[in-house]
Amino acid sequence: MAEADNESEFEHEQHAAAHHHEPPHSFIRKYIFSIDHKVIGIQYLLLALFSVLIGMIMSVLMRMNMTWPGHAWPILGTLFPTGAPGGVMSPEFYLSLVTMHGTMMVFFVLTTAPQGGFGNYFLPIQIGADDMAFPVLNMLSFWVTFVGLVVLCAAIFASGNGVLGPTGGWTGYPPLSAIGHLLNVPGQGMGLNLWVISIAIFCVASLLGALNFITTLLNLRTRGMSLMRMPLTCWAWFTTAVLALLSFPVLLAAGILLLLDHNAGTSFFVPSGLSNGTTLIDHAGGSPILWQHLFWFFGHPEVYIAILPGMGATSHILSTFARKPIFGYRAMVFAMFAIGLLGFFVWGHHMFISGMSPWTGMAFSVLTLSIGVPSAIKTFNWLGTLWGARIRFTTPMLFALGFVSLFVAGGITGLVLGQSSLDLSMHDTYFVPGHFHLVMGVAAIFGMFAGTYFWFPKMFGRMMDERIGRLHFWPTIIGVYAIFIPMHAMGLVGLPRRYSQFWEVTNGKIEFIYHFNEPTHPLIVFVTWAAILTAIAQVLFVFNFFWSMFKGKKASDNPWEATTLEWTTATPPPHDNFGGKVPSVYRGAYEFAVPGAPADYVMQTTPDETDANVAASVSSHQGKGNGHDGHG
Amino acid sequence: MGRALAVFIWVMTILSVWMFLSGNWWFPAAISEHGPAYDRQFLLTIAVVGVAFAAAQVALGYAVWRYRDTGDGTRAVYSHGNNRMEIIWTVVTAAIFITLALLGQRVWYSLHMTPAPANASQVRVLAQQFQWNFHYPGADGKFGRTDPAKISDETINYIGLDASDPAAADDAVVQTLVTEVNRPVSMILMARDVTHSFWVPPLRFKQDAVPGLEVPVHFTANKTGRYEIACAELCGQQHYKMRSYMLVLPKDEYDALMALPQAQFQARVTELYKKYPVTY
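Quick note, the sequences are listed as chains B and H, same order.
Here this note's numbering is used: the first residue of the first sequence is 1, the next is one more, and so on.
Here this note's numbering is used: the first residue of the second sequence is 633, the next is one more, and so on.
Take the hints with a grain of salt, since some may be wrong.
SDA-like mimics (lysine to any residue), calculated; alpha carbons at most 25 Å apart, straight line [unchecked claim]:
no.	chain 1	residue 1	chain 2	residue 2
1	H	873	B	511
2	H	907	H	884
3	H	906	B	260
Sample of chain H residues lacking proximity to chain B, with all beta carbon distances greater than 12 Å (derived) [to be verified]:
no.	residue
4	673
5	760
6	775
7	795
8	807
9	815
10	816
11	818
12	827
Read the hints as simulated data drawn from the structure, not as lab findings.
Ideal placement from N, C-alpha and C gives every residue a C-beta, glycine not left out.
So here's chain B without its partners, still in its complex pose (with noise of 0.2 Å):
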């Protein structure tokens, strides 16, 4: 099997070394219209960072409303006169901003970087491939997608009514999103139009980058790189693309339908008899709940496409700074697999409670269950990995780290939401932000801070700055901690989401709007607090960013004494990767400590022969059934 494999790669060899291509020289093809894969990864990261930024601010915003509801914020009364007359937030403006900072994160972040981004610089060199299967296709993703990106910025000043984009929640729910503008809710006209065609034009970028993955992953694997051999980075990017490519499509479905219901007078999502207070609704015929059934179809693979990432990128960080084989190489790759074919079959646990009928809740609720188990088998295999480790904890360590610790706590409590009966009380208070916020939002952006660290040295040839990267870890997973644990709290209590403000400020003394919200104040005012320190916090990454960009320490080819093929290659690589050389694979992504080898690391690429005590060494492990792949 493996002579075979062998032997067709290197028929691909000589293939791919058949169209070895030349750099572009001119500006606009070498920087921006590019087809090679390394600056399209910048691209997309660079896209991710300009809607991070954006995002975080719309959050704080919205703390600041909801701590401090009343308050004149002179600063937003001149930005938006109508939105925040005198500088007081309304409750529509708030609405906007949930909205855009749900859309902007979950889409132009956490799908964009670690897969566009990462994935599209590292997947190709980390298989041997001197770039995508379809560059010119890449690059087609990279500038859809930064099409989307200017129609959402365009929702934001084209909402009218003060608003900054549609005031139904990223989810759009229907009829609020479909008939809103007859209600008479802003935002929910050309803001809304704007939003559902950037989604939609979202949706078509991301199948042309799921596709261009999976082609590259399967056929330009180099000699000796056998799919049990690859990085779990690379599978989880597989992975992550597999799902994107059968979610996405029915995102767009839904999209195209929801905006022909909105203008053009059908009715897939909006039933009849609905009245306005004074004429009836001339809609007759849909069902709100078939777009929460199509867009939770979309909505929970999601989820793992953001996450999956950013497990590969913690395997393979924590393994290289362990300085220790990754604990269950296979049974990773299968939990990861689990949970990406689970994954397609929970999405009912967002609709408990939306009157579909209960036998679905029932069976959803096992389902989501069952989810955990993977996801369990994937922790556990972490902590086995750092067991009788030799740990270096630089920056994108201390980051990988964070990764675990966070995906533990914000992954455990689907056992609690997953329980439909459990739903009852805690479905939409903030027990589900709290949850959802640290498991795919932070765990997520942890594994993007730890990819950005660990591969900044190859991407830009210079170390980023290990002290500031430090200082920058230290306040951000004690306020990101510090920010989501509490929201826990105010989900048991009742707090509920999407809530503008929870009370009012009338002579100086707080009245709640519901009494029962009383306990949460404390929590409230320390979360905001929290916020805004993080925030503040994130300066130090952006500065180091740049900072090292241009002035960081000069790296040499394999600064962590990584095993991998990208730390193989010049640094930055060269424009086809490997100057034109196929590398060979002789063993798996994470021989460290490897007994009787001269340093505690064995690249990829080292051949056999050369190290006889290698190959000993690792020939002695095939009885226990780790083959010749080094994984057991």
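Put chain H on the given structure of chain B with help from the hints.
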């Protein structure tokens, strides 16, 4: 650095667990028949969650503390895993998670998979931006016909009650949910514009009111008092203050209220508001 991280992880774990154990932030006391069963299932789940959370974080902190590179030149353990351990933790986690999921079906089943008891009182609920309309059948026990075309906020006909239907003559429509203590109430939840969600935290009950659907629900409140009703599904700019109240009355007061003619119903509810301040 490793020790600092370990200490941070442990301190964070202790603080997180304290936040749940302190009792400062917990559910309001349950006022429904299914409430105690809900609370038991939640306690069981949060115990499993808490133990798993603490165990994983403590182990992570330990590994970070214990296995830091001390620079003594020794290498890590060379191991690619252990299949027996993989099988053990997979089977154990699966058993625990699936058991929780199955146990968790009970409350859901009792509320959503069983019909409302025959003695249940009947209420039709029509949610709108941004208020709750509760429709009572009156002394004849029959709901008057409603027609969305007759909805008119100007004439205070929020639900489109058809005055030409004799059954409508004694119907009352108010913004307050009135139930009799210890008697099941059977509600039909509807919405006339966008999706809303009926929610009373001490009742441990929440259900979306969806345009185009008639969602039948039932529950039994077992403690008299006045409780806040919130909207739990984003419905527009005033969503945050779409508030109503649920009055849980003793039998005599409930019967007396329901026997009142339409014109006096709202006035009596207002009086009862004074008698029953908001419980929270």
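Numbers of unmet hints, in rising order: 3, 4, 5 and 12
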